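Throw the hints in and build the complete structure from the sequences for me.
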Amino acid sequence: MKLLKIIGLVLLVVLVGLQFFPARSNRSTAIPSSDFVKTYKVPEQVTQILHTACYNCHSNSTNYPWYSRVQPVGWYLENHIDNGKEELNFSEFGSYSGRKQQSKLTSMISQVEDDKMPLPSYTFIHREARLSAEDKNNLVDYLKTLKE
Amino acid sequence: MKKTIILLSLALVSWGAFAQHDHSKMGHSTEGHSNMDSKMENKTMVQSSVNVERSKSATAIIDNYLALKDALVADNSTKAASSGEKLFDAFEKFDISAQAKSQQKELAEIIEVASEHAEHISENSGSIDHQREHFEMLSKDIRDLTLITGSDRTLYQAFCPMYNNKEGGVWLSASSEIKNPFYGNKMLKCGSVQQEITVK
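Top to bottom, those sequences are chains A and B. Residues are numbered in the working numbering as their position in the first sequence, beginning at 1, plus a constant of 1240. Residues are numbered in the working numbering as their position in the second sequence, beginning at 1, plus a constant of 1243.
For the record, the hints were derived by calculation from the structure and aren't laboratory data. One or more of the hints may lead you astray.
[Stated by the list, open to error] Take a look, some chain A residues computed to stay more than 12 angstroms from chain B by CB distance: (1) Ala1270; (2) Ile1271; (3) His1291; (4) Ala1369; (5) Ala1373.
[Said to hold, decoys possible] Below, a list of computed lysine to aspartate or glutamate pairs in the DMTMM-like style, where the Cα atoms sit at most 25 angstroms apart: (6) A:Lys1340 with A:Asp1355; (7) B:Lys1348 with A:Glu1327; (8) A:Lys1344 with A:Asp1355; (9) A:Lys1384 with A:Glu1374; (10) A:Lys1344 with B:Glu1335; (11) A:Lys1325 with A:Asp1354; (12) A:Lys1340 with B:Glu1366; (13) A:Lys1340 with B:Glu1335; (14) A:Lys1376 with B:Glu1410; (15) A:Lys1387 with B:Glu1410; (16) A:Lys1376 with A:Glu1326; (17) A:Lys1281 with A:Glu1326; (18) A:Lys1278 with A:Asp1381; (19) B:Lys1429 with B:Asp1313; (20) B:Lys1348 with A:Glu1332; (21) B:Lys1299 with B:Glu1335; (22) B:Lys1329 with A:Glu1327; (23) B:Lys1409 with A:Glu1374; (24) A:Lys1340 with B:Glu1349.
[Stated by the list, open to error] The following label-pair restraints were derived from C-beta to C-beta distances: (25) A:Phe1261 with B:Arg1396: 49 to 59 angstroms; (26) A:Arg1264 with B:Thr1397: 45 to 55 angstroms; (27) B:Ala1351 with A:Trp1306: 34 to 44 angstroms; (28) A:Pro1312 with B:Lys1336: 32 to 42 angstroms; (29) A:Glu1388 with B:Ser1418: 26 to 36 angstroms; (30) B:Val1293 with A:Pro1360: 38 to 48 angstroms; (31) B:Lys1299 with A:Glu1284: 52 to 62 angstroms; (32) B:Ala1341 with A:Glu1326: 27 to 37 angstroms; (33) A:Pro1272 with B:Gly1369: 34 to 44 angstroms; (34) A:Thr1363 with B:Thr1397: 45 to 55 angstroms.
It should be emphasised that the depicted structure is a prediction, and the values quoted were computed from it without experimental measurement. Glycine included, C-beta positions come from ideal geometry on N, C-alpha and C.
Here's what the structure looks like:
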């Protein structure tokens, strides 16, 4: 019993200690001209889908949940968002080369069509990011119009 | 000389139009067939040949690309992943500065995108469909790359009209014999040569 108490206390101290090392925040407020939505003058409906289902991990502006302030959750999210942005960053889409834009569009279409994106592990927690069949169609149809 | 070229292209076009394809293993509807044949005919009508410089600068890239292609033909996802990794290294080692100044920007863009495809292929051992999606995009990049860098061997650009919901997909091969990397053993012979990339 005493041992358990000690372990619990140590854990508590560690957890509190972790909170002094906050994660880097991914939260730019200005929308750059290279943003996907500005590059293509995306219709409102599609913009809405992109913002709720994609931009949290694939742009420079994340809408964080409250628990992201708790470590180590925040660190996990930081890493996750870094990876997401490296793969595809909607905020910088307009500065990609034409070849890269086309390649990314192809990947987006197939990932959404195959239900690989948004990540099932993400939509499990973020129910609002789930795409209805209609959302999916609208998004894919629109992305296809951008393909050359 | 001009006459020979015209005759040759006529011969190629008619060969394309009448080419027989072994689809015995596919077993899909006749509607699919007619649809596909018309598409194939359109594509073979533009069958052509391009001539590129003789150069060894892209040899490592071409070698590893073709090894990757062969792994996909053999339905071997693990081997495709290891070839993808080697191809990624070949892109890293490629010396852009040794190429013509005017082409360097375009080359850098091609290599940036193509390396990403190679990386994805290397990281996706076990999901061959995903590897094939990236391979299709990669093939176009390799083609565009060789048009700039030149090649050390003749390459054949082949086209499979079935791939990706009948949008079709291209790949490169060192042989004119069709061995389909998108379907492997399922439809090994599906496709036809679209363009020959010959070396000066």
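So, going through the hints one by one against the coordinates:
1. Ala1270: holds, 26 angstroms
2. Ile1271: Holds, because the least Cβ-Cβ distance between isoleucine 1271 (chain A) and chain B comes to about 25 angstroms, which exceeds 12 angstroms.
3. His1291: holds, 25 angstroms
4. Ala1369: Check passes; 22 angstroms lies beyond 12 angstroms.
5. Ala1373: Non-interface label stands for alanine 1373 (chain A): nearest chain B Cβ at 18 angstroms, farther than 12 angstroms.
6. A:Lys1340 with A:Asp1355: holds, 22 angstroms
7. B:Lys1348 with A:Glu1327: Holds. Lysine 1348 (chain B) to glutamate 1327 (chain A) sits at ~21 angstroms (cutoff 25 angstroms).
8. A:Lys1344 with A:Asp1355: holds, 16 angstroms
9. A:Lys1384 with A:Glu1374: holds, 15 angstroms
10. A:Lys1344 with B:Glu1335: Within the cut-off at roughly 21 angstroms; holds.
11. A:Lys1325 with A:Asp1354: holds, 20 angstroms
12. A:Lys1340 with B:Glu1366: OK: lysine 1340 (chain A) and glutamate 1366 (chain B) at ~19 angstroms, within 25 angstroms.
13. A:Lys1340 with B:Glu1335: Answer holds: lysine 1340 (chain A) to glutamate 1335 (chain B) is near 17 angstroms, not above 25 angstroms.
14. A:Lys1376 with B:Glu1410: holds, 20 angstroms
15. A:Lys1387 with B:Glu1410: Holds - the C-alpha atoms of glutamate 1410 (chain B) and lysine 1387 (chain A) are around 12 angstroms apart, at most 25 angstroms.
16. A:Lys1376 with A:Glu1326: holds, 23 angstroms
17. A:Lys1281 with A:Glu1326: holds, 23 angstroms
18. A:Lys1278 with A:Asp1381: Distance ~18 angstroms between lysine 1278 (chain A) and aspartate 1381 (chain A) Cα, so the pair holds.
19. B:Lys1429 with B:Asp1313: holds, 15 angstroms
20. B:Lys1348 with A:Glu1332: Distance of about 19 angstroms is within 25 angstroms: holds.
21. B:Lys1299 with B:Glu1335: holds, 16 angstroms
22. B:Lys1329 with A:Glu1327: holds, 21 angstroms
23. B:Lys1409 with A:Glu1374: holds, 23 angstroms
24. A:Lys1340 with B:Glu1349: Given that 25 angstroms is the threshold and the Cα spacing comes to 11 angstroms, the pair holds.
25. A:Phe1261 with B:Arg1396: 49 to 59 angstroms: Cβ of phenylalanine 1261 (chain A) to Cβ of arginine 1396 (chain B): about 55 angstroms, so the range 49 to 59 angstroms holds.
26. A:Arg1264 with B:Thr1397: 45 to 55 angstroms: Holds, since arginine 1264 (chain A) and threonine 1397 (chain B) (Cβ atoms, about 52 angstroms apart) stay within the stated range.
27. B:Ala1351 with A:Trp1306: 34 to 44 angstroms: holds, 43 angstroms
28. A:Pro1312 with B:Lys1336: 32 to 42 angstroms: About 38 angstroms separates the Cβ atoms of proline 1312 (chain A) and lysine 1336 (chain B), which means 32 to 42 angstroms holds.
29. A:Glu1388 with B:Ser1418: 26 to 36 angstroms: holds, 30 angstroms
30. B:Val1293 with A:Pro1360: 38 to 48 angstroms: holds, 44 angstroms
31. B:Lys1299 with A:Glu1284: 52 to 62 angstroms: holds, 53 angstroms
32. B:Ala1341 with A:Glu1326: 27 to 37 angstroms: holds, 28 angstroms
33. A:Pro1272 with B:Gly1369: 34 to 44 angstroms: holds, 38 angstroms
34. A:Thr1363 with B:Thr1397: 45 to 55 angstroms: Once the Cβ atoms are compared, 49 angstroms apart, the range 45 to 55 angstroms for threonine 1397 (chain B) and threonine 1363 (chain A) holds.
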